[in-house]
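The chain contents come next:
Number of protein chains: 2
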Amino acid sequence: MHIDDMILVSIDDHVVEPLDMFEKHVPSKWKDLAPKVILDDKGVERWIYRDRPTGVAGLNAVVSWPPEEWGRDPASYAEMRPAVYDVHDRIDDMNANGILASMCFPTFTGFSAGHISHAKDEVTVGMIQAYNNWHVEDWAGAYPGRFIPIAILPLWEPALAVAEIERVAALGFHSVTMPELPHIDGLPSYHDIEYWGPVFAALSDHDMVMNLHIGQGFGALRLAPDSPIDNLMVLAPSVSQLAVQDLLWGPAMRAYPKLKVALSEGGIGWIPFFMDRSDRHYTNQRWLRRDFGGKLPSEVFREHVIACYVTDKTSLKLRHDIGIDIIAWECDYPHSDSLWPDAPEFVLNELDAVGASDSDIDKITWQNACRFLHWDPFAHIPREQATVGALRAKATDVDISTRSRKEYAALYAQRGI
Amino acid sequence: MHIDDMILVSIDDHVVEPLDMFEKHVPSKWKDLAPKVILDDKGVERWIYRDRPTGVAGLNAVVSWPPEEWGRDPASYAEMRPAVYDVHDRIDDMNANGILASMCFPTFTGFSAGHISHAKDEVTVGMIQAYNNWHVEDWAGAYPGRFIPIAILPLWEPALAVAEIERVAALGFHSVTMPELPHIDGLPSYHDIEYWGPVFAALSDHDMVMNLHIGQGFGALRLAPDSPIDNLMVLAPSVSQLAVQDLLWGPAMRAYPKLKVALSEGGIGWIPFFMDRSDRHYTNQRWLRRDFGGKLPSEVFREHVIACYVTDKTSLKLRHDIGIDIIAWECDYPHSDSLWPDAPEFVLNELDAVGASDSDIDKITWQNACRFLHWDPFAHIPREQATVGALRAKATDVDISTRSRKEYAALYAQRGI
Chain A
142 MHIDDMILVS IDDHVVEPLD MFEKHVPSKW KDLAPKVILD DKGVERWIYR DRPTGVAGLN
202 AVVSWPPEEW GRDPASYAEM RPAVYDVHDR IDDMNANGIL ASMCFPTFTG FSAGHISHAK
262 DEVTVGMIQA YNNWHVEDWA GAYPGRFIPI AILPLWEPAL AVAEIERVAA LGFHSVTMPE
322 LPHIDGLPSY HDIEYWGPVF AALSDHDMVM NLHIGQGFGA LRLAPDSPID NLMVLAPSVS
382 QLAVQDLLWG PAMRAYPKLK VALSEGGIGW IPFFMDRSDR HYTNQRWLRR DFGGKLPSEV
442 FREHVIACYV TDKTSLKLRH DIGIDIIAWE CDYPHSDSLW PDAPEFVLNE LDAVGASDSD
502 IDKITWQNAC RFLHWDPFAH IPREQATVGA LRAKATDVDI STRSRKEYAA LYAQRGI
Chain B
142 MHIDDMILVS IDDHVVEPLD MFEKHVPSKW KDLAPKVILD DKGVERWIYR DRPTGVAGLN
202 AVVSWPPEEW GRDPASYAEM RPAVYDVHDR IDDMNANGIL ASMCFPTFTG FSAGHISHAK
262 DEVTVGMIQA YNNWHVEDWA GAYPGRFIPI AILPLWEPAL AVAEIERVAA LGFHSVTMPE
322 LPHIDGLPSY HDIEYWGPVF AALSDHDMVM NLHIGQGFGA LRLAPDSPID NLMVLAPSVS
382 QLAVQDLLWG PAMRAYPKLK VALSEGGIGW IPFFMDRSDR HYTNQRWLRR DFGGKLPSEV
442 FREHVIACYV TDKTSLKLRH DIGIDIIAWE CDYPHSDSLW PDAPEFVLNE LDAVGASDSD
502 IDKITWQNAC RFLHWDPFAH IPREQATVGA LRAKATDVDI STRSRKEYAA LYAQRGI
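In order, the protein sequence lines correspond to chains A and B.
Quick note on our numbering: the first sequence kicks off at 142 and runs consecutively.
Quick note on our numbering: the second sequence kicks off at 142 and runs consecutively.
Be aware that a few hints might be false.
Intra- or inter-copy, both count: the list cannot distinguish identical chains.
[What the hints assert, rightly or not] Below, a list of computed lysine-lysine pairs in the BS3-like style, where the Cα atoms sit at most 27 Å apart:
# : residue 1 : residue 2
1 : LYS177    : LYS454
2 : LYS261    : LYS177
3 : LYS458    : LYS436
4 : LYS436    : LYS454
Hints listed in this document are in silico derivations from the structure and should not be mistaken for laboratory results.
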């Protein structure tokens, strides 16, 4: 595989929502209730909704800063690289990194809209709809063929979630973001099929993938109170395993054969161990012997899951044991784990080092993701224009140099936004 | 490798403490305070200490029962295979399974004596000493060369733990059992070096391994309240990763270069992923850059850890990435995951399937464990008598058939114990 011939589709990136995102999408009667950004008394810009702050505006959006500055989140939009929130700049950064298409998770709403779901009413449903409309029209819609839309849902009432799944399916979404562990958000767990059954059925009926991004469920780990921040950062993918455990050993995957689950940023290295342990548990603990329809747990896992990784150099040796059809690479732009702007080099080096064939590489870098998400990468852009080489050729003028938060703030002031 | 030429040393098995274990080891002034077994009003035998029941007597001691009966713990000693608690029968079962030597974790005291440490006083120190004396004299001492002694410690006061480490070191112990996550037992976490530093120093000074068996720290996972028992059983090794995270990224391993940690029943499959993720975190998150003395976290990990597994068929392909010198097989007798009586066949099949050399096999089945624990396997038994073939030749009369709890109870009554 020549690097210029690679095709990269990243199904885990992030958008920091632009300041004006709600302007044209919220019904006029609720205009005053829409989330908005305020500057708090510590000089940090925060989204606020129904009088409650929802967290910093630019969580971990550190791309292109010098690594020494990564310790704090951006205090304001001014400090961020504009491509974090501006779709036109984002396309430039994607081109520079050879990324054909990107699926962008939300930031201020939380990965499962948990940060705005404290007000459980029709207004919040309206805001969630406004978010999804903005996402598909103004973000993904600005550059057809470059973004895979992903929707947020009202999850405090299954019927509302089902209605929004049906609504966004009609708008072309094949992807929703949901919590890894809903019980950590105070919702019933995925074992509660009376609650989640209608949601799983609606997702199945509309070929919709539930994407479980690491982070939401982190509170499931009762870490030592004096543990350093490294613990959170190194251990976050452990929670993907807890999430799959609930879905595989509870009723979800077994009762909904078409349910599809993406483990966003979950990594792949723990999967062979988890599958072997699940199979051994099934065959050895005969007094339990859950009904997997005559299959092994690992087979059911492979029918339902796509496993997403940024870097996993040793475990890629086991790609065929994991399942070469269920692994998808992801970029994680603009977070600190992102490979921008050298993703093509990094990814190809890692795959070459384990002896991956061209077929393996294509599956991992785009084919698996596109198949799983029902997304045709060449519907708007012909294949020969979709490669790393072709995209980078359009980005020769993109400045990829490192720049401090202070420099970004100065440039922002210059532009007089 | 011919199966009869294998040597098997298992550093994770379990003893269910015999009824009379305290009789000759507790000072006479405290005789009445010693833990004893009572029959509760549900017909279950429980150890009781200072008026508090400590759990069932035979946790998960299901060996040789039909698998359909594994769902409940034994209600009484009568229902258990005698080799669970009787050292003479145990030797027969070890011979039948080709096991040269075994390190047996405690049962009723909890893996870190947590079940008897509610009474934090000199009496409990006396009981812990009595336990250790019984373990080294009556259990391990009954058959020199067949058991690797492992001690329990009073952990509620570091000075007491240090004193007991020094005492048992003089008795020939090179192993202690400690909690995976002390903060789950209400103790300071392993990050608190003011508390644990003297303990780590004493362990280092006496070439003593701290063994962290899965189970103690399970409460660190806030699982869904309606999750099935499968979750606990499949996910238990996740906690080994949390434990290592604290020891590797906190000060313990970095400040105590001789500290040795066994991850008992932790499995090996998660380790390549954890090491890669740790190294990537170290190299990528330069704003943190903890001081690993110029080494990578994975290198420090390999200097301190031995990783113990019962079965891990896919991940054994990565044995050289993990480190061929830090993997040790274990049997887990008499629990439901145990491979008795077919350990030699099972282990060899699994290692042959991944193309392990004779050298790899010897390292994994005995050499690594013996080196790590400073234990000479041939001090009492010459090598030619230590093999699977030689041991099994002594056990041709051992009944290895499946037998129900009811049949065991009838035999127990016949023997009139």
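Hints, verified against the model:
no.	hint	result
1	LYS177 to LYS454	neither (41 Å within a copy, 53 Å between copies)
2	LYS261 to LYS177	within (18 Å within a copy, 55 Å between copies)
3	LYS458 to LYS436	both (25 Å within a copy, 24 Å between copies)
4	LYS436 to LYS454	between (30 Å within a copy, 19 Å between copies)
Checked against the numbered hints above, the structure breaks only hint 1 and satisfies the rest.
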